[in-house]
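Participant: Chains as they are written, first to last, in the working numbering: chain A, 1 to 355; chain B, 1 to 267.
Where hints are given, some of them may not hold.
Calculated from the model, a selection of chain A residues having no Cβ within reach of chain B, i.e. all distances over 12 Å [stated by the list, open to error]: (1) K182; (2) L219; (3) L246; (4) R270.
Sample of chain A residues with no beta-carbon within 12 Å of chain B, all distances over it, derived [as the list claims (entries may be wrong)]: (5) S161; (6) F164; (7) D184; (8) Y233; (9) I236; (10) R263; (11) N292; (12) N325; (13) E344.
What follows is a set of in silico ranges between Cβ atoms, one per label pair, in the way DEER data are often shown [unchecked claim]: (14) A/G206 x B/T136: 33 to 41 Å; (15) A/G137 x B/T136: 13 to 21 Å; (16) B/D260 x A/D221: 39 to 47 Å; (17) A/N325 x B/K235: 54 to 62 Å; (18) A/L217 x B/F196: 32 to 40 Å; (19) B/P92 x A/D4: 31 to 39 Å; (20) B/C27 x A/D221: 20 to 28 Å; (21) A/H227 x B/I146: 45 to 53 Å; (22) B/T136 x A/R304: 51 to 59 Å; (23) B/A28 x A/N325: 58 to 66 Å; (24) B/F196 x A/K232: 53 to 61 Å; (25) B/I146 x A/R132: 43 to 51 Å; (26) A/G206 x B/P23: 16 to 24 Å; (27) A/T43 x B/G219: 21 to 29 Å.
It is worth saying that the hints were derived from the structure and are not from the lab. If you're wondering where the values come from, they're calculated on a predicted model, not measured in any experiment. All C-beta atoms in this analysis are idealised placements derived from N, C-alpha and C, irrespective of residue type, glycine included.
For reference, the chains in residue letters:
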Amino acid sequence: MSDDREFLKGNEALAYGALHAGLNAFYGYPITPSSEIPETLATEFGQGNFPEFRSFLQAASELEAINMVNGSAATGAKTMTATSGPGFSLKQEGISYAAGIGLPILVVNVNRAGPGLGNLGPEQSDYFQATRGGGHGGYRAIVLAPDSVQEMAAFPSLGFSLAFRYRTPVVILADAFLGQLKEDLVFPQVSTSSFDTSWAATGARGDQRHVLASLHLELDDQSLATHKLHAKYAEIARQEQRYEELESDGAQVVIVAYGICARLARRAVRSLRARSVPVGLFRPITLSPFPNQGIEKLIGQGVRNFLVVELNMGQMVQDVRLAVNGRAQVSSLGQVGGLIPGTEELVRAAEAMVG
Amino acid sequence: MIENEGTLYETKLGPLPTLTSKPTHYCAGCEHGTLTHLIASALQDLGVRERAVLVNSVGCSVLAPDYLNVDAVEAPHGRAPAVMAGIKRARPDLLVFSIQGDGDAASIGLLELMYAANRGDPMTIFLVNNATYGMTGGQMAPTTPIGMVTTTTPRGRDLALTGPPIDASKLVASFERPAYVRRVFLPVTPTPSTEFFNARGALEGALAVRHAFEVQERGGFAFVEFVSTCSVNWKMSVLDSKRYAARVLAPLFPEGVLRDRFLLESA
Chain A
1 MSDDREFLKG
11 NEALAYGALH
21 AGLNAFYGYP
31 ITPSSEIPET
41 LATEFGQGNF
51 PEFRSFLQAA
61 SELEAINMVN
71 GSAATGAKTM
81 TATSGPGFSL
91 KQEGISYAAG
101 IGLPILVVNV
111 NRAGPGLGNL
121 GPEQSDYFQA
131 TRGGGHGGYR
141 AIVLAPDSVQ
151 EMAAFPSLGF
161 SLAFRYRTPV
171 VILADAFLGQ
181 LKEDLVFPQV
191 STSSFDTSWA
201 ATGARGDQRH
211 VLASLHLELD
221 DQSLATHKLH
231 AKYAEIARQE
241 QRYEELESDG
251 AQVVIVAYGI
261 CARLARRAVR
271 SLRARSVPVG
281 LFRPITLSPF
291 PNQGIEKLIG
301 QGVRNFLVVE
311 LNMGQMVQDV
321 RLAVNGRAQV
331 SSLGQVGGLI
341 PGTEELVRAA
351 EAMVG
Chain B
1 MIENEGTLYE
11 TKLGPLPTLT
21 SKPTHYCAGC
31 EHGTLTHLIA
41 SALQDLGVRE
51 RAVLVNSVGC
61 SVLAPDYLNV
71 DAVEAPHGRA
81 PAVMAGIKRA
91 RPDLLVFSIQ
101 GDGDAASIGL
111 LELMYAANRG
121 DPMTIFLVNN
131 ATYGMTGGQM
141 APTTPIGMVT
151 TTTPRGRDLA
161 LTGPPIDASK
171 LVASFERPAY
181 VRRVFLPVTP
191 TPSTEFFNAR
201 GALEGALAVR
211 HAFEVQERGG
221 FAFVEFVSTC
231 SVNWKMSVLD
241 SKRYAARVLA
251 PLFPEGVLRD
261 RFLLESA
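Pulled out of the complex, with its shape left as it was, chain B reads as follows (with noise of 0.2 Å):
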């Protein structure tokens, strides 16, 4: 059990059933890493494991089946809630999530995004947003802030040519009938002692996680969107992408609960 700011959290540790014994692909610092644990970890207390169905999209999380050690569906780019409502709809006892990026969910599956939220569909979408094209090699995303190089942008994205960031969190409960929707600050944050970092992040993602699982349970429609870091596009070092995100991206993509029709969040 770990205490923060008077919550206490339950960890786990060690191998899960939920997670395959291969390591990942993902690089060093990169929060996709901490997100699939939290998943396997939620997935096995809940004991889903044997109706869960992972819908893999294309980005970083494409080779997520080779890491969870559930059923999995592949998805073309930004198709995963399409897929996942035919699921659904065939086998309503299954439970469907899908581990997205930012383009995938935000630019290319925007549609398929928008649809499945304004349906309501039962479904458990988690955004990876790293504010860049990850696997693809350091394009601009939706989520690029203004200013920031990319290989698309390479003198900064310029508001006038390409338009603000898509706030995918504020978008998705713009509609009636997502029962959750929930943005966590993912990276751990740097702290003035050089030795040590928050990780909050990673504990409040660990409740969304199961949250998110546990309003699709009852028929809902959950989003969480992970501000996360992407030190490799980015071209920093691990600990300046953590703290970049802590400067920028944070007060860009704000920490919140935009929705909790269940009111989980104050059991």
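Pulled out of the complex, with its shape left as it was, chain A reads as follows (with noise of 0.2 Å):
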């Protein structure tokens, strides 16, 4: 083992590697199963490891947090909250407002289970919340799923890249599993390299001012924005779609799973290919935009089977029949209320599908 490897929590590596992506300010309200994200960042807050990490709070509710992170965002610093399930839903308005405005902000939703106060088990039921952008006026947030505590270490540099590249809102949509699993992991080298601030509200130069508003009482005007915002988003569904294939080729019947049951999937296809059944993985990285382009991919090779894995009722399902549009078979697997499936159940439900 290199020296370079730490043993850590999937929210500490979280919290570290905002820091290490240079955070400059971070806002929350505990709620389990992502306190650790705050705890970590408290415990760093000021004490000098971290210089850019200049503004940390506890907010008195998931509203005054999000709200928080606008203000920060505005000023073009890298803001940064983390929550869950019932806080993701309080967190809605504000990634409305930094939606319609254009602030780059990075939300991290380790998601929990069931609606309402549900428990603290891992689901992926925040999937449509979070990919359909959640809140109110039809706007979309990139959504980023890690699967491994390495990941939530190095995707919040990813989430604060693309958050200014394009001024929008970034969810990292993780689970209470990824957050609470601990592994070892190599923080990432990140590039320190400064993003464009010049549309930031911090004073007026002249005749050079900034006005941030998502507020546009002429009709036209409001058509305009709303046209200029899915313009953008189509940019980033043609530039920025992340997947990653595991024995696709020669797949007959390929898995998609994404987060902590893309590990299921792993072992399940590791296990299958061992006796020659030819099933592959397909991950989706970026939930939003959905990577269409490698389930076309899969289709062009001959993919006729699709089996979603997820921890839900359906969600995402959706989005690869979509993608698939008619042209090949698509089975749902689905496990909630905390429990995940077991590598057996994905084997038998996969070969199954292997004509």
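Two chains, two frames, some hints: make the complex.
Facilitator: Set out below in structure tokens:
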């Protein structure tokens, strides 16, 4: 093992990953299973190890937290918040404003189980909420789905670069399993290049001022603004689809899974391939934009069976069906309540689909 | 210079670099226009335009960036103090201020107001208390007096149903850390002569606005409430709205300096 190797919880790794990425400001409200993120950042705040980290505050509520995030981001600061299900719901108003105004913010949702209070186990049931925008007004966020503690550490850097490149909210959608999972990692070298912040509200200069707003009272102005926003989303969809493939060459069945489910599926695929059963894995890394290009490639390779595995009653399966558009069979395997499917269950389900 | 009760006030008239040339949408007789001008004058006098960031949340002042020629960040309804806290913590060199309505600051945004006040965050909040939801069309506000007819209290505000009006200045001053809390009665008030009005409120307001910015420059939390009118939604003539404000709102929300940590008022 190299000396750089560390052994951390996913939430701790994410917090340090954000600090290594030059985090300037963090505001949050405690909620299980994401609280190690503010706790880790509170430990580092003001200690001098990360001099760029100049603002940390436990807010009075999720609403106060997300609006503090928007305030710091409006000055061009690299700003993040972290939460779980119920808190993610409360933050949607602020995320909608960030999308409408064009603020680069990073929001982490460590997905817990169930609607309402639910429980503290892992689910992927906030998939729709995260990938469809979640709040009012028809916006989208970029959604990144890590599947390891290593990626929990790496994605804040990726998230900030995407958020600033497109001036848009970026969501890191993890789950209770990834947040609490402890494994080894190496903190990646991140580029320290600064982002364009010429748009930020840092004071007027002569005739040049910055008015950061989503209000467009004239109908034509709102129409233009919404069209511009969606042209940006189309550009993001062209440029930023990310995915990973495993053993997809020659596969008759491809399991589609992200996050913790991708890890389970990886084991199932290895076990099946060891017996020469032609099953592969397709792991979306960006859930929004959904990696249609990858699905298209698999269809071109002749894949005619997809098994979508997720910790909900079937959400991402709808995106897979849209991408497949009738050209292949798409089956769904869901597990909820904080439970996860066993490898054998995936093996059986995938093998049954092989002709 | 204008002399009032022994105090000399400097007045500035004409175009200001801190004002745009756009005519305001504010209704005739509304104090929002007065306050906009007081703020523009203070920003100009203090020479802080290049460091000023207006945070506009929802209400009649949401269009304030159209008139105040400074940087601006929009906040959701009630959340201006949280957005200001975020701006100020990331960039302590900036001067942040909000213009909020009574519904914005004392109803949906009460938590954000109280927590910013409790922390004593350096920021400047101007509250326009006109006892109603102006932009939304005259519904009950947290500051609506008991008995006042609004579109959601068609038989008058009922104490048993809604509780009494909230005194935002008193609430803010109940916290330890705010450095400046002041309430100003802004409307011109009728005099025995129907030809003349007393504009003392605007003169007091000019000083209060200036103090509220100076307090933030010294690291303090400043809150100024302007008791105002809304003749359109009160369904009164402008003149009657001034009389109503003097008769009903002035005793309910008495003028005064509730906190002056830096002793600006006696300077």
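Participant: Now tell me, hint by hint, if it's right for this structure.
Facilitator: Outcome of the hint check:
The beta carbon of A/K182 is kept farther than 12 Å from every beta carbon of chain B, the shortest such distance being approximately 32 Å. For A/L219, the shortest C-beta to C-beta distance to chain B comes to about 16 Å, beyond the 12 Å cut-off, and the non-interface label holds. For A/L246, the shortest C-beta to C-beta distance to chain B comes to about 41 Å, beyond the 12 Å cut-off, and the non-interface label holds. Every Cβ of chain B is farther than 12 Å from the Cβ of A/R270; the closest lies at roughly 46 Å, confirming the non-interface assignment.
The beta carbon of A/S161 sits about 19 Å from the closest Cβ of chain B, which is more than 12 Å, so the claim that it is off the interface holds. With a least beta-carbon separation of about 14 Å from chain B, A/F164 lies farther than 12 Å from that chain, consistent with its non-interface assignment. Consistency note on A/D184: stated as away from chain B, and its beta-carbon is indeed over 12 Å from all of that chain's, at 34 Å minimum. The Cβ of A/Y233 lies farther than 12 Å from every Cβ of chain B, with a closest approach of about 21 Å, so its non-interface assignment holds.
Under the 12 Å C-beta cut-off, the non-interface status given to A/I236 relative to chain B holds; the minimum distance is some 23 Å. The non-interface label for A/R263 is consistent with chain B: the shortest C-beta to C-beta separation is roughly 36 Å, beyond 12 Å. The beta carbon of A/N292 sits about 33 Å from the closest Cβ of chain B, which is more than 12 Å, so the claim that it is off the interface holds. No beta-carbon of chain B is positioned within 12 Å of the beta-carbon of A/N325; the least distance is around 38 Å.
A/E344, annotated as away from the interface, keeps every beta carbon of chain B farther than 12 Å; the closest lies near 48 Å. Range check, A/G206 to B/T136: about 37 Å between beta-carbon atoms, so the 33 to 41 Å window is met. Taking 13 to 21 Å as the suggested C-beta distance range, the pair A/G137 and B/T136 conforms, at roughly 19 Å. B/D260 and A/D221 have their C-beta atoms about 44 Å apart, which keeps the hinted 39 to 47 Å range intact.
For A/N325 and B/K235, the Cβ-Cβ distance of about 58 Å falls inside the hinted range of 54 to 62 Å, so the restraint holds. Between A/L217 and B/F196 the C-beta distance comes to about 38 Å, which sits within the given range of 32 to 40 Å. B/P92 and A/D4 have their C-beta atoms about 35 Å apart, which keeps the hinted 31 to 39 Å range intact. Distance hint for B/C27 and A/D221: a CB-CB separation of about 23 Å, consistent with the stated range 20 to 28 Å.
One distance hint, 45 to 53 Å for the beta-carbon pair A/H227 and B/I146, holds here, with the actual separation near 49 Å. Under the hint 51 to 59 Å, the C-beta atoms of B/T136 and A/R304, about 56 Å apart, fit the expected range. The hinted window of 58 to 66 Å between B/A28 and A/N325 holds, with their beta carbons roughly 59 Å apart. For the hinted restraint 53 to 61 Å between B/F196 and A/K232, the CB-CB distance of approximately 57 Å keeps it satisfied.
The hinted range of 43 to 51 Å is satisfied by B/I146 and A/R132, whose Cβ atoms lie roughly 45 Å apart. Our hint of 16 to 24 Å for A/G206 and B/P23 holds, since their Cβ atoms are close to 23 Å apart. The hinted window of 21 to 29 Å between A/T43 and B/G219 holds, with their beta carbons roughly 27 Å apart.
Hint check: no violations occur; every hint is consistent with the structure.
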